[in-house]
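Starting from the known structure of chain A, fit chain B onto it as the hints suggest.
So the protein sequences, as listed, match chains A and B. Each residue of the first sequence is one higher than the one before, starting from 1 at the first, in this note's numbering. Each residue of the second sequence is one higher than the one before, starting from 1 at the first, in this note's numbering.
Treat the hints as calculated values from the structure; they're not laboratory data.
Simulated pairs of lysine to aspartate or glutamate, DMTMM-like, Cα-Cα distance not exceeding 25 Å:
| # | chain 1 | residue 1 | chain 2 | residue 2 |
| --- | --- | --- | --- | --- |
| 1 | B | Lys181 | B | Asp231 |
| 2 | A | Lys214 | B | Asp78 |
| 3 | B | Lys8 | A | Asp66 |
So, partial list: chain B residues that the calculated Cβ filter (under 8 Å) puts toward chain A:
| # | residue |
| --- | --- |
| 4 | Lys5 |
| 5 | Tyr96 |
| 6 | Gly131 |
Note that the Cβ used here is the ideal one computed from N, Cα and C, for glycine as well.
Number of protein chains: 2
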Amino acid sequence: MGNQKLGKQTFQPELPPTVIGHGSVGGKKESAGPLGRHFDHTCQDDLFGAKSWEQAESVMQGLALDAALKRAGLHTPDLDYLLAGDLLNQCIGSGYAARASEVPFFGLYGACSTMGESLALAALLLSGGYGTNAAAVTSSHFCSAERQYRTPLEYGSQRTPTAQWTATASGAVVLTNRPEKGISITRVTVGKVTDYGIKDANNMGAAMAPAAYKTLKAHFEDTGLSPDYYDLIVTGDLGKLGSEIVSDFFSTDGCPLSNYSDCGLLLFDMDEQDVHAGASGCGCSASVLCAHLLPGLLSGRWKRILFCPTGALHSPTATMQGESVPGICHAIALEGGH
Amino acid sequence: MGNQKLGKQTFQPELPPTVIGHGSVGGKKESAGPLGRHFDHTCQDDLFGAKSWEQAESVMQGLALDAALKRAGLHTPDLDYLLAGDLLNQCIGSGYAARASEVPFFGLYGACSTMGESLALAALLLSGGYGTNAAAVTSSHFCSAERQYRTPLEYGSQRTPTAQWTATASGAVVLTNRPEKGISITRVTVGKVTDYGIKDANNMGAAMAPAAYKTLKAHFEDTGLSPDYYDLIVTGDLGKLGSEIVSDFFSTDGCPLSNYSDCGLLLFDMDEQDVHAGASGCGCSASVLCAHLLPGLLSGRWKRILFCPTGALHSPTATMQGESVPGICHAIALEGGH
Chain A
1 MGNQKLGKQT FQPELPPTVI GHGSVGGKKE SAGPLGRHFD HTCQDDLFGA
51 KSWEQAESVM QGLALDAALK RAGLHTPDLD YLLAGDLLNQ CIGSGYAARA
101 SEVPFFGLYG ACSTMGESLA LAALLLSGGY GTNAAAVTSS HFCSAERQYR
151 TPLEYGSQRT PTAQWTATAS GAVVLTNRPE KGISITRVTV GKVTDYGIKD
201 ANNMGAAMAP AAYKTLKAHF EDTGLSPDYY DLIVTGDLGK LGSEIVSDFF
251 STDGCPLSNY SDCGLLLFDM DEQDVHAGAS GCGCSASVLC AHLLPGLLSG
301 RWKRILFCPT GALHSPTATM QGESVPGICH AIALEGGH
Chain B
1 MGNQKLGKQT FQPELPPTVI GHGSVGGKKE SAGPLGRHFD HTCQDDLFGA
51 KSWEQAESVM QGLALDAALK RAGLHTPDLD YLLAGDLLNQ CIGSGYAARA
101 SEVPFFGLYG ACSTMGESLA LAALLLSGGY GTNAAAVTSS HFCSAERQYR
151 TPLEYGSQRT PTAQWTATAS GAVVLTNRPE KGISITRVTV GKVTDYGIKD
201 ANNMGAAMAP AAYKTLKAHF EDTGLSPDYY DLIVTGDLGK LGSEIVSDFF
251 STDGCPLSNY SDCGLLLFDM DEQDVHAGAS GCGCSASVLC AHLLPGLLSG
301 RWKRILFCPT GALHSPTATM QGESVPGICH AIALEGGH
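If we strip away everything but chain A, and leave its shape as in the complex, we get (with noise of 0.2 Å):
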């Protein structure tokens, strides 16, 4: 047997890695919104004590690592390679979180769908017979990703109605390799970059909705599965029209989906918090992972989840060169727990 790929994008460990710990940390508008009280460590100020918005997100990024060593009972020097990205020029939140752990370090870039890509090579490089236990973590800022990708926040920019909130936000997840029981990581499918052409760069859950849909429906012919063997799926940030995007895909397949929500509808009240098209940013779909997807599989209210988080990787300099913006979407089978 051993480990196995499926079908052309799907990849299958003989023994699926076990989650043993998660930790999460929200800022201020997150600590307000429908999983405030889930979060380990929330802010409300958003600085987390850092001197910018940049070196706050290094803190984030500390501070759910260390929550989610605590649940595993580990320590930094107990990691074998810790997998993290961000949204920042050149990942500098990860990088410079980094340097405080110590631990050999793989730096990712998949913009939103980060946390997708580091659960997914963790599982796949400690199933593969490397190492012990590994850490997969990402973050976002409101603050620093409006000023880098959009305008400062002192000028005041109206946002459009597609428009996301980045959240302020990180998630961290330890995997072991040890025979353990709780959720393991079953499958994983490696998304392909997606392009169908969409170039404002205001409407981001437009531009990855292909990208998901082709990775979700890569993962069901990959595994022979239906989507109702999940009991949720749950794409990450496409937030309101993205989500529908996916929705009549699959309707329009005359598959249409009856478990399937986003992380981007997740965070947030949807109603009451003015954020008009959802959630967004890498640390959203971490977040909603490991504030309220992990603890739900723990507690039995949900078996099965596809998480399946989704990126756009485009750059402001990309959208002024008129380029339109690709999208990217791995979707990590996770299921047990309870």
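This is chain B only, laid out in the frame that chain A set:
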């Protein structure tokens, strides 16, 4: 037996994956250097037919990958995954290049260490039993890097003596886990983020040298090998100053390196091409690997090379906020081939 972890940071595949293809691309200045005639593709206006320097990077990655696939006798659908990264904000050189290739994609950010990171992950994933063929690709471009990291070229800014010249270059390697004769990746030492407090963003060599030294030390401690096990130890891209620091560290330890060089010293003519401390950029170590080191292993000039790309994980924003420059270095042992 199986795949093994040696010591604290080194991984050793039971069945080392084999390099079955390599491709390299260089710009005008690179084509005039000592490796110029070994590139698979060069271009005299550094645009490679694209409309912007950023888009040129995606073209260069495509050309390098095509050359590597051609040598391997493969096509993109034969690849189980593509691991790529570059220096551009949000790694758009790689994201847009991967859009064309339609291969499951892992985006990486390791600054100029990215060729080491992508080779490490490709080797570990394949030898872990996941898939058959993988590609590792990186690129950099002098003109896009200057305007992003320093000043637009049009300003004609003067460069410090410690400054390095970002290579306009790309390299691609195709690996397989099928039993093949050729160069194999026998060991991988994954680096830690290392920061000795250097704050001069025009002295990357000094900032990255401690990371190179620490990874090399870890490699020799973990494996029990001595430096002279390898015919050549090559870091990249520390340039003149950084590589002297690494030499000094080892001499101080009572273990001077007799077989040591740096990719930043090999790409350009250090006397004639006015590059100050040498070459840099993800594309430097990648193109030196693919136009010089791998061909030298195949011809029997060397039997064993320890290839150790180095990266500086900072950003202009971090520098403006007064942060020091953390470095990272991954070591990849390449053996055989002749």
